[in-house]
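K.L.:
Residue-level listing of the chains:
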Amino acid sequence: MTYDVIIIGAGPGGYNAAIRAGQLGLKAAIVEKRENKKLGGTCLNVGCIPSKALLHASELYEAASARLPALGIRAEKVSLDLKQMLKQKDEAVEALTKGVEFLMKKNKVDTFFGSGEIVEAGKVRVAGADGKTTDLTAKHIIIATGSEVAPLRGVEIDEERIVSSTGALSLSAAPKHLVVVGGGVIGLELGSVWRRLGAKVTVVEFLDRILPTMDGEVSKQFLRILKKQGMAFRLSSKVAGVEKLKTKLKVAVEPAEGGEAETIDADVVLVAIGRRPHTAGLGLDRVGVKTDERGFILTDHFRTSVEGIWAIGDCIHGPMLAHKAEDDGVACIELIAGKAGHVNYDAVPNVVYTWPEVASVGKTEEELKEAGVAYKVGRFAFSANSRAKTNHETDGFVKILADAETDRVLGCHIVGVDAGELIAEAVSVIEFGGASEDIARTCHAHPTRSEAVRQAAMGVEGWTMQA
Amino acid sequence: MATEIRVPALGESVTEATIARWLKKEGENVAADEPLVELETDKVSVEVPAPSTGVLSKISAKEGDTVEVDAVLGMIGEAAAKAARKEKSAGKDEKAPAGEGRSKAGAKKQAVAGRTVEVRVPQSGESVTEAEVGEWLKKEGDRVEADEPIVSLETDKASMEVPAPAAGIIRKIAAKEGETVEVGALLAEIEAGGDGAAAKEEPALRAAAERAAPAPSAGKPLSPAPRRIIGEYALDPAAVEGTGKDGRITKADALAAAKAKDGAKARAPEPAPAPARETGPREERVKMSRLRQTIARRLKEAQQTAAMLTTFNDVDMSAVMALRGEYKELFEKKHGVKLGFMSFFVKACVHALKEIPEVNAEIDGTDIIYKNHYDIGVAVGTDRGLVVPVVRDADAKSLAAIEAEIADFGRRARDGSLKLEEMQGGTFTISNGGVYGSLLSTPILNAPQSGILGMHRIEERPVARDGQVVVRPMMYLALSYDHRIVDGKGAVTFLVRVKENLEDPQRLLLDL
Ligand SMILES: Cc1cc2nc3c(=O)[nH]c(=O)nc-3n(C[C@H](O)[C@H](O)[C@H](O)COP(=O)(O)OP(=O)(O)OC[C@H]3O[C@@H](n4cnc5c(N)ncnc54)[C@H](O)[C@@H]3O)c2cc1C
Numbered sequence: 018m019t020y021d022v023i024i025i026g027a028g029p030g031g032y033n034a035a036i037r038a039g040q041l042g043l044k045a046a047i048v049e050k051r052e053n054k055k056l057g058g059t060c061l062n063v064g065c066i067p068s069k070a071l072l073h074a075s076e077l078y079e080a081a082s083a084r085l086p087a088l089g090i091r092a093e094k095v096s097l098d099l100k101q102m103l104k105q106k107d108e109a110v111e112a113l114t115k116g117v118e119f120l121m122k123k124n125k126v127d128t129f130f131g132s133g134e135i136v137e138a139g140k141v142r143v144a145g146a147d148g149k150t151t152d153l154t155a156k157h158i159i160i161a162t163g164s165e166v167a168p169l170r171g172v173e174i175d176e177e178r179i180v181s182s183t184g185a186l187s188l189s190a191a192p193k194h195l196v197v198v199g200g201g202v203i204g205l206e207l208g209s210v211w212r213r214l215g216a217k218v219t220v221v222e223f224l225d226r227i228l229p230t231m232d233g234e235v236s237k238q239f240l241r242i243l244k245k246q247g248m249a250f251r252l253s254s255k256v257a258g259v260e261k262l263k264t265k266l267k268v269a270v271e272p273a274e275g276g277e278a279e280t281i282d283a284d285v286v287l288v289a290i291g292r293r294p295h296t297a298g299l300g301l302d303r304v305g306v307k308t309d310e311r312g313f314i315l316t317d318h319f320r321t322s323v324e325g326i327w328a329i330g331d332c333i334h335g336p337m338l339a340h341k342a343e344d345d346g347v348a349c350i351e352l353i354a355g356k357a358g359h360v361n362y363d364a365v366p367n368v369v370y371t372w373p374e375v376a377s378v379g380k381t382e383e384e385l386k387e388a389g390v391a392y393k394v395g396r397f398a399f400s401a402n403s404r405a406k407t408n409h410e411t412d413g414f415v416k417i418l419a420d421a422e423t424d425r426v427l428g429c430h431i432v433g434v435d436a437g438e439l440i441a442e443a444v445s446v447i448e449f450g451g452a453s454e455d456i457a458r459t460c461h462a463h464p465t466r467s468e469a470v471r472q473a474a475m476g477v478e479g480w481t482m483q484a
Numbered sequence: 013m014a015t016e017i018r019v020p021a022l023g024e025s026v027t028e029a030t031i032a033r034w035l036k037k038e039g040e041n042v043a044a045d046e047p048l049v050e051l052e053t054d055k056v057s058v059e060v061p062a063p064s065t066g067v068l069s070k071i072s073a074k075e076g077d078t079v080e081v082d083a084v085l086g087m088i089g090e091a092a093a094k095a096a097r098k099e100k101s102a103g104k105d106e107k108a109p110a111g112e113g114r115s116k117a118g119a120k121k122q123a124v125a126g127r128t129v130e131v132r133v134p135q136s137g138e139s140v141t142e143a144e145v146g147e148w149l150k151k152e153g154d155r156v157e158a159d160e161p162i163v164s165l166e167t168d169k170a171s172m173e174v175p176a177p178a179a180g181i182i183r184k185i186a187a188k189e190g191e192t193v194e195v196g197a198l199l200a201e202i203e204a205g206g207d208g209a210a211a212k213e214e215p216a217l218r219a220a221a222e223r224a225a226p227a228p229s230a231g232k233p234l235s236p237a238p239r240r241i242i243g244e245y246a247l248d249p250a251a252v253e254g255t256g257k258d259g260r261i262t263k264a265d266a267l268a269a270a271k272a273k274d275g276a277k278a279r280a281p282e283p284a285p286a287p288a289r290e291t292g293p294r295e296e297r298v299k300m301s302r303l304r305q306t307i308a309r310r311l312k313e314a315q316q317t318a319a320m321l322t323t324f325n326d327v328d329m330s331a332v333m334a335l336r337g338e339y340k341e342l343f344e345k346k347h348g349v350k351l352g353f354m355s356f357f358v359k360a361c362v363h364a365l366k367e368i369p370e371v372n373a374e375i376d377g378t379d380i381i382y383k384n385h386y387d388i389g390v391a392v393g394t395d396r397g398l399v400v401p402v403v404r405d406a407d408a409k410s411l412a413a414i415e416a417e418i419a420d421f422g423r424r425a426r427d428g429s430l431k432l433e434e435m436q437g438g439t440f441t442i443s444n445g446g447v448y449g450s451l452l453s454t455p456i457l458n459a460p461q462s463g464i465l466g467m468h469r470i471e472e473r474p475v476a477r478d479g480q481v482v483v484r485p486m487m488y489l490a491l492s493y494d495h496r497i498v499d500g501k502g503a504v505t506f507l508v509r510v511k512e513n514l515e516d517p518q519r520l521l522l523d524l
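Line by line, the protein sequences are chains A and B. For the first sequence, the numbering used here begins at 18 and goes up steadily by one. For the second sequence, the numbering used here begins at 13 and goes up steadily by one.
Read the hints as simulated data drawn from the structure, not as lab findings. All figures in this text were calculated on a predicted structure; none of them were measured in a lab. No residue lacks a Cβ here, since even glycine has one placed at the ideal position from N, Cα and C. Don't take every hint at face value.
[Stated by the list, open to error] If you anchor each label on the Cβ, the simulated ranges turn out as follows: (1) B:Glu253 - A:Phe223: 56 to 62 Å; (2) B:Thr255 - A:Arg320: 24 to 30 Å; (3) B:Leu311 - A:Ala441: 52 to 58 Å; (4) A:Gly389 - B:Lys151: 52 to 58 Å; (5) A:Lys54 - B:Glu253: 51 to 57 Å; (6) B:Ala250 - A:Val136: 52 to 58 Å; (7) A:Arg458 - B:Lys151: 35 to 41 Å; (8) B:Thr255 - A:Ala441: 53 to 59 Å.
Start from the sequences and build out the full structure, keeping to the hints where you can.
P.N.:
Listed below in structure tokens is the structure:
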């Protein structure tokens, strides 16, 4: 069969590319190898969506006992029905993947289940689970095969006791002690889930800080908040190995720069040290698509080294985020259709869905320092925000970084309840080349947390009014 | 039909002027182009001519007031005779008085509604005399707001939009797209009317309103920070180039435009001046004219920025004087202008500038701009202060042409009719203190130029020639230069070359 474009991988990168292709009148096919024949990729099946489902439910569970009493609500016999919690998560996933199927139909995209392999430029062979193969041809091929869990040397994932994020989304009971290897987004999110559901959680991080790509001030405050919530941390440490005993796991933890190992007992170990591009079996070598030493496909505005083959999402450079993959997909199709597709990587937000949330967009203070950019900072703590105070949710702050001369907003970093929603304002302003003063002079509803963003923006030019 | 008298465009970087003197009183009859009022700007004083014949019906800016470019100075109403003639044609195009009745601002403003306001090709900078009509943004019959762009013009330098001078309805479009029009030519007529026109009558009010909320320019919505800056600096949003998404104006763009418009305003407000000291019984306090204030500021700025240094030499004027003595009459007969010394000095300097180009250069940030043209400023004293008209492309002009130009400059400097653009853009300056009898002086640079030649009095002095003391007409020469880009060697060589060229004018002829 012949198409204008074949997309390999039906994650947020792939399926959004397919939708856009349909909208622009391109005849598109999408190939997905997931055995359960579900679309939506990592994000919908074992990523963003199920993790958010558990984060939301576990957060309410914790709030019932930890925070409702302060508001005058006595919820005395709150108990956990983990089965139901996992079920409602699966239902959410099911509903959303069905939604993607509908969108493929609506946009006249043909879906092929099976593993896709690029035989040559313009030709994709799909190997179905039943062993049958189908050859598809097209002018353009988009690789949207995403990423997979990066393994930890010497620690084999069995998805029962030693789990990746995927296993951690379906534990049948809350472990007594969960050791999380890696203090990044995924580790802290899933660590938070199981801590709320009753586990003791210890996070082992190689670096001396958590959320290493985020603004330093954010990392520091967020660490303090998580510690206050009862999460334990072993920073500047590494897991050298895990010994599996019948009743427990013995986790060997040693200082990052080497030295005496120490053993920690755990029931479950979550390996969350990152993700790597998922390109095995695609036939990249054969057709000559170049990758870097870590396996990321090298692209120039999504064009790979082979004419007619494009790549987007987690398997290329840039933040490994669903919305980034989505934007890549749209821009890539627009370029294929002869339009001016473009993604501004300086305006891609990044959210940690813990309680409170952490959100950031643009440059961190460390990055600006390193680049030698003269900047100004405005900060505002939620403890001075009326809505946050009223709701007893005063942890965190907003920090805005702007160019010292032009006042253009260069970065925004928020720790606080709803940070993930609040960041949208800063994203828009950055996308439009706006200044801190643009935020400061825009009316914000009272009482809302968004006022903290405005006050922080005022702080950039020294006229914060409510602190 | 009443016509507004407005402050004309005064040239680059001049944004305001002071009313020096009204030459006519309210109620007096005036003829079109008759001078009405004298304005003093930083650079020059200008007379504003009457835009039309009629009666000076209103003076809205008093002597001593500072007014911005385009502010209303007064109004010219119809002369009685003309009004009568108009009445005859009333049936044809006179507006119903009902239009006036609706004008909301009372009797004084009523005169305004329904009047016809002409839109003319504005002066758009030195040396631009004509433009091509680009695109009409409005049609006949369209309603426009004051300051809303109605037509774009293309000149060989830039394209610009012409804003409506008043709110109202476009009654007539007088120049088609693609047509070439001269500065001052009629583009359109607007029948003024509505609130916008009334507001236009009060320049102060209008300015305040603009400050509070600049109208979002057509198609370019403003975000809050640029809106504030554009309001505070009264910028035209249509003229600010937007670098944001889809050409939006960012704060950085607005700041840059504000800086460009008025560097001084963009800076922090200056500390309040110390209270004026008491004047004694035998003292007199007189306000410095704007020209004098500008001269003062410029000179001080030049001293502060340049690393200024002066080198001296002397020149034996015998040869030039002999030449002049010999050909004076013939020259005047042929060229109709006296052969003076100045043209020799101009030529001698141009010659030396070609050899030492850094004296004909300027510093721009961390760059040097060398100018491959020789536009020589010649300082002329007037009773109001020193002005420096520029002899352009002096290298390509004959001695006679230079003499004629300088003579004309001198005349016009004294009667105040020099045009602003005639005093802009010089690359080097000559100042002749000799006419006042100066023996020796250290002239101050005319920034951003890097060199200025000081001429002095010619005096018979004993000098040694071939071992003999002889008496020769001698003049001291001084070259003040910016040591940042001109080295001592260059400066001295320059002056030596000027001296040689004057002592042996044949060198000029032979281009040595
Ligand atoms: C636990 C977890 C939580 C996350 N939470 C968030 C979050 O909150 N927000 C966020 O923005 N991001 C989150 N992410 C990251 C997000 O899931 C990814 O950035 C996103 O899914 C990348 O999209 P993609 O389309 O590039 O690839 P993927 O979503 O990985 O999709 C690639 C698809 O390609 C298929 N495929 C691979 N090879 C082939 C082949 N040869 N033939 C056919 N099909 C193939 C795969 O089966 C997969 O379905 C999370 C990730 C995890 C693991």
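K.L.:
Hint compliance check: list the failing hint numbers for this structure, sorted ascending.
P.N.:
1 and 8
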